[in-house]
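One rule links them: number in my numbering = place in the sequence shown (from 1) + 229.
Just to be clear, a hint being listed does not mean it is correct.
Stated by the list, open to error - Derived DSS-like pairs: lysine-lysine, alpha-carbon spacing no greater than 30 Å straight-line:
id, residue 1, residue 2
1, LYS243, LYS368
2, LYS321, LYS284
3, LYS273, LYS284
4, LYS284, LYS295
5, LYS321, LYS287
6, LYS295, LYS321
7, LYS283, LYS273
8, LYS283, LYS243
9, LYS243, LYS321
10, LYS295, LYS273
11, LYS273, LYS321
Calculated directly from the structure, the hints in this document are not laboratory data.
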Amino acid sequence: MRQIARKQFNSMLKHMVSYPLICIYGPDGFGKTTAVASFLHNRKERCCWIHMHKKNRKQLGEIFEKSIDSGSYDIIILDQYRNHILDRQIMKVYERREHSCRIILLASGIPSFFNSELYRWTLLIPTTMLRFQFADIQKLAAVNQICIDEREVREILRVTCGWTIGVHALLEEYGAVRTLNPDLQLYPLFDVYIYRQLNQAQRQSLAVLSVPEHSISSSLRLYAWIPES
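Produce the entire structure from the sequences given, and follow the hints as far as they go.
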């Protein structure tokens with residue numbers, strides 16, 4: 230369902246050869262890990278994946294230093310980067326400037342240790358900028374054998390602002406029941422469902438989606454009576 234947006238993502242990643250540090254950031258569920266793995270698949274670079282949620286602080290520091298110092302890798306990917314665990318070590322790597330290895334950070338937001346100097350060396354890719362357009366939704370519906378007219382496609386685009394997760398969910402719902410059924414208040418309920426699952430930093434990222442203000446405010450009014458799942 231995300232192959233169309235993936236093309237945009239890949240076109241951005243092609244520029245990473247010019248940068249020693251790449252930061253790909255956005256809320257969970259935007260397919261950062263899957264997209265990077267797909268892009269690097271069958272390429273000649275030697276890659277090391279470090280899944281930060283699976284290791285403790287000491288292990289992460291040791292694994293990162295060994296991966297850098299070994300000289301065995303062209304790219305090191307730090308998946309689910311958080312908690313400032315490797316901030317100082319990453320800064321030291323770029324202060325020495327004695328490495329040929331690129332580092333890819335997959336994070337929910339831009340790490341707080343980034344300074345003006347580090348920004349100069351970094352390719353920033355916000356996954357929230359990757360959105361479906363009208364023709365993309367039509368193609369997506371056709372590929373999944375979902376018959377939908379232009380009016381309903383425009384309604385899905387209006388409500389989701391092209392957000393890949395939103396398009397996926399609403400198109401899947403339409404494919405199941407063959408109607409958008411506004412009486413069920415599907416859209417505001419969906420907005421709240423998304424909003425409730427984001428932390429503060431991710432909620433700020435939501436602004437990048439250009440979600441209409443009235444849509445967010447109406448969603449928040451509904452929040453009071455929606456039971457926790």
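Hints and how they fare:
1. For a cut-off of 30 Å, the pair hint linking LYS243 to LYS368 stands: about 25 Å separates their Cα positions.
2. For the hint linking LYS321 to LYS284, the alpha-carbon distance of about 21 Å falls within 30 Å, and the restraint holds.
3. For the suggested pair LYS273 and LYS284, the alpha carbons sit about 27 Å apart, so the restraint of at most 30 Å is met.
4. Simply put, LYS284 and LYS295 have alpha-carbon atoms about 15 Å apart, close enough for the 30 Å limit, and the pair holds.
5. For the suggested pair LYS321 and LYS287, the alpha carbons sit about 17 Å apart, so the restraint of at most 30 Å is met.
6. For the given pair, LYS295 sits about 14 Å from LYS321 by alpha-carbon distance, which is consistent with the 30 Å threshold.
7. For the suggested pair LYS283 and LYS273, the alpha carbons sit about 27 Å apart, so the restraint of at most 30 Å is met.
8. Simply put, LYS283 and LYS243 have alpha-carbon atoms about 29 Å apart, close enough for the 30 Å limit, and the pair holds.
9. Among the hinted pairs, LYS243 with LYS321 is consistent with the structure: their alpha-carbon atoms are about 26 Å apart, no more than 30 Å.
10. With a CA separation close to 21 Å, the supplied pair LYS295 and LYS273 stays within the 30 Å bound.
11. The suggested pairing of LYS273 with LYS321 holds, with an alpha-carbon distance near 27 Å, which does not exceed 30 Å.
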